[in-house]
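The task is simple: from the sequences and hints, build the whole structure.
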Amino acid sequence: MFLRLLYESFRRQKRRKLLAGIAIMLGVGVATAMIAVATDIGDKISRELRSYGANLIVTPQEDTLDIEIGGVNLKPPSDGAYLSEADLPKIKGIFWRNNIVGFAPMLPVSVSLGEMKRLTLLGTYFSKQLAFGKQDFTTGVRVTHPWWRVQGSWPDDNSEDILLGGHLAARLNRKAGQEIEIGGQPRRICGILSTGGAEDDQIIAPLPFAQQILGRPGAVRRIYVSAVTKPEDAFARRDPKSMSPEMYDRWYCSPYAQSIAFQLQEALPHSHAEQIRQVAQNEGTVLSRIKGLMLLIALAALLASALAVSASMATAVFERRSEVGLMKALGAGNLAVAVLFFAESALLALGAGSAGFVGGALLARQIGQSIFDSQITIQPVLLPVVLIIAVIVTFGGSAAAIRRAVKFDPVYALRGDV
Amino acid sequence: MTSPSTDHVVRRRAGTPHTSMFLRMLVRAAVLRRGRAASALLAMVVAAAVATAMLNLYVDVQAKLRREFRKYGANIVVVAKDQQDLSADTLSTVRSTLGHGGSAVPFAYAVARTAGGHSVVVAGTDFEQVRKLDSWWSVTGWPKASHDALVGDRAFSVVGPLGKSIDLSFQGRTIRLNPAGTLQTGAAEDSRVYISLTDFAEWTHVPYSTVEISASGSPQEISATIQRLAQALPDADVRPVRQVMEGEARVLGKMRATLLVASILIILTAAVCVLSTLTGWVSDRRRDFAIMKALGASGKMIQGFFAAEAAALGAVGAMIGFALGVGVAIWIGRANFEVPVTPRFAVLPVVLVGGIAIALVAAILPISLLRRVQPANILRGE
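If you read the protein sequences in the order shown, they are chains B and Y. My numbering puts the first residue of the first sequence at 9, with every later residue one more than the last. My numbering puts the first residue of the second sequence at -17, with every later residue one more than the last.
Just so you know, the hints here were simulated from the structure itself, not pulled from any lab data. From the three backbone atoms N, C-alpha and C, an ideal C-beta is built for every residue, glycine too.
A few chain Y residues that face chain B, going by a derived Cβ cut-off under 10 Å, partial list only:
{"id": "1", "residue": "135"}
{"id": "2", "residue": "231"}
{"id": "3", "residue": "317"}
To spell it out: a stretch of chain B is covered by chain Y in this simulated footprint if at least three of its residues, at any positions, have a beta carbon under 8 Å from a beta carbon of chain Y; those stretches are:
{"id": "4", "stretch": "52 to 62"}
{"id": "5", "stretch": "203 to 215"}
{"id": "6", "stretch": "298 to 310"}
{"id": "7", "stretch": "369 to 383"}
Keeping only pairs whose Cα atoms sit at most 20 Å apart, straight-line, the calculated DMTMM-like set for lysine to aspartate or glutamate is:
{"id": "8", "chain 1": "B", "residue 1": "299", "chain 2": "Y", "residue 2": "320"}
{"id": "9", "chain 1": "B", "residue 1": "299", "chain 2": "B", "residue 2": "240"}
{"id": "10", "chain 1": "B", "residue 1": "299", "chain 2": "Y", "residue 2": "50"}
{"id": "11", "chain 1": "Y", "residue 1": "126", "chain 2": "Y", "residue 2": "110"}
What follows is the structure in C-alpha cells.
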C-alpha cells in the first residue's frame, strides 16, 4: 500500500514533482560545479602563475660571486664553476617530476661586436627536445620565460641562428633576417627579442654556440626551473636535517619549493638549488588568497542552492494539505503520513540530485575548458557528499511544512480552509 | 455642523476610496499571514544578500587581487639611456608624476674591492622604500644607522662574518661598514652588498642609475603612467617589467571569468529560490483572489493588487538583503584579504530592480493562470 501510494504520487503529480525536481537539480548542479571549481582552482591558478616564469634556480655549488650590473657581467670569463649539460634530463627524474613545468639552462659569455666590448651572449634552450628514460619532453625559455616576445621567429636549438635584444638591435641598427658577425663568423638574426629586462641588451643564442665561444663543451652556468609548488608554511621552512624520518618523508613528498629544490640538488651533482623568492613567495600568497576566496564562494553557492531546494520542497508539500487531510480522515496516523512524505522527498532528492551532479560535473568541465583550457577533475567522493547534503536539505525544507500539514485538522483541510 | 478637519477627512476619503482600501488590504494580507509572508520575505532577503555579496566581490576582488600582485615588486623601471647618467631630479620627477598611486625606489651600483682583493657589487638604495617594494626579500636585520650594510647571502662568503666590520674600497676611497643583516632572494641581489644611498653617494660619488617603480592600477592605467613618465623624463628609458605585468594580467583575467561565472550561477539559483517561494505564496491565496473577483473587482485591479504586494515584498527584501550582503562582503574581504571590501552602492539599484522584477514575475505568473478559472470553482475548493 505504501509503495503504491508512493508510486501513484509520482505518477499523478508529474508537474509538481518535476518542478521540485528541477529546483533540486539546479541547486545540486550549481553546488557541485562550484565545489569542483573551488577544489581544483588552486592547481589551475598555480599553473597560470607559472607565467611569472621560473621559481627555482640551480647554480654550481662552488660558484664564485656574480659581478653583474644591469645584466652586464663584469666577471672575467674564465672565472666560476659550471654545471654539466648532460645532467639536465635528470631533472625530469625527480620525485615531483610531474610538477616540473619546464627548465632552461643559461650560459652567459662575453663577446665583442666591433667597437662594442663586453656584450653578453646568452646561450640557452629555446624549445629543445629531450628524453629521460622513455619520457620525451620539450623545454626551454619559451616555457620558463613566457613573457619573452620575439619579432621574427624563434631560432632552432640545433641551428647557429641568434636572437638580438631589442635595445641592442636598435643601437646596432639591425633587423630580423639580417646577418651579424660574431666571433669571426656571420650569424643570421632570426628575430628581435623584447623582454623588458636585461636581455634587451644581450644576444641570445642556442646553448652549443655559447659553449663553443667559451671553449667549454657541455658547460651550463645556471638552470631556471619552473615548478608547480604548494604555498610555503612553517613546516616547509624547517631544515630537513633536523627532522624525524616520518616527518622527513612527509616533507620530501610535499611539493614545497624547498623540497623540490632539495630534490633538484640530489639529482644534479655539485649543484645548489634555491627558490627565486620574488616568484615563489608571492605565488604562495596569491594562491592562498584565491583559494580562500573560491572556498567562500562555494559556500555561498551551497547556501543559495540549499535555500532554493528547501523553499521549493516547502511549497510542494504545502500545496498538498487536502491530500493529507484525506489520508488522515481515512485513518492514517501522523507517523504514516510523515513517513510517506519523507520517502517521497528522499526519492526526489536522490533522483534529481544524481541528475544535478551529472549536470554540475558537465558545467564544471565547461568552466574548466573555457576559462583555464584544461579539465577540471571531479573527485568521485563528491557524489555521495553532495547527495547526502541534498537529502538533508530536502528533508529540512519539507520538515516544517510536513509538520504543519500533519497537525492540521483534516476537516478544515478537506473543506479547503486555511 | 462638521468641523473643517473632519470635513477634510471626509472629502479625502470620498476622493480616494480605492487607495485607502488598497493599502489596508496590502497591510492586512502581510499581517494576517505572517508565516507565509515571512518565509517569502526571508527567501527574498537571502537571495538579495547573496546577490549583493557576489556583485560586490566581483567588482572589488580585482582591486584586492591587484594589491596582492603588487607584492611582486616593480612593474616599471626607469634606467639611464646608453652610458649616460640619470639627471639628479629624476626621482622627484618620478614621484610627482606618480602622485599617490605608487612608490619609486632609486638604486645605484658600483663594483668595489674587499680587503681580501675580491670584487663585489655594492648597491645604494633607500631601505625604507625597498622594504615596501620588495616584500619577498628575506632579511635577518634591516640596517638602521648610517654605515650599516645589508649583505647578500652569496656576497657574505667574500666579505666576512657578521658582527665584524667590513672595509670596501672604490677608486682609492675606503668605507667601513657594519653588516646589520643578511639578504636572501635567490636572484642577483644575493651577490651584492646594499648600503644606504647617502652613504653610497658620499663614498663613490656615483649617482643612482635605476629607479624601480611600483605603479598601481589596471593595465590601461599603468600604460598611461608609463607614457606620462616617458614624457616627463625624455633623457631616460622607461620600461615596463613585462614579467610582472603579463603574469598579473593573465591570472586576473582568469579569476575575473571564474568569478563572473560563479556570480551568475549563484544569483540564478537565488532567483529560482525566490521565484518558487513567491509562486507558492501567491497561488496559495487563490481564495482571496476568488473572493475579490466575486465581490466585483476587475482582473486588472486584482493583478495590480498582487503586483503591488509582490513589488513591496521585493523592495523590502532587496533593501534588507543589500545591507546583509554588504556585511557579508565586508566580512569576506576581512577574512580573506585582511582589508574590508568597500561597499559599492552602485549595486543597490541593480539588486533592487532585480528583486522587484523577480517578485513581479513570481506574482503575475500564477495570477494569469488563475484568471481563466471561475471564482465559484475556487471558492468551492476545487
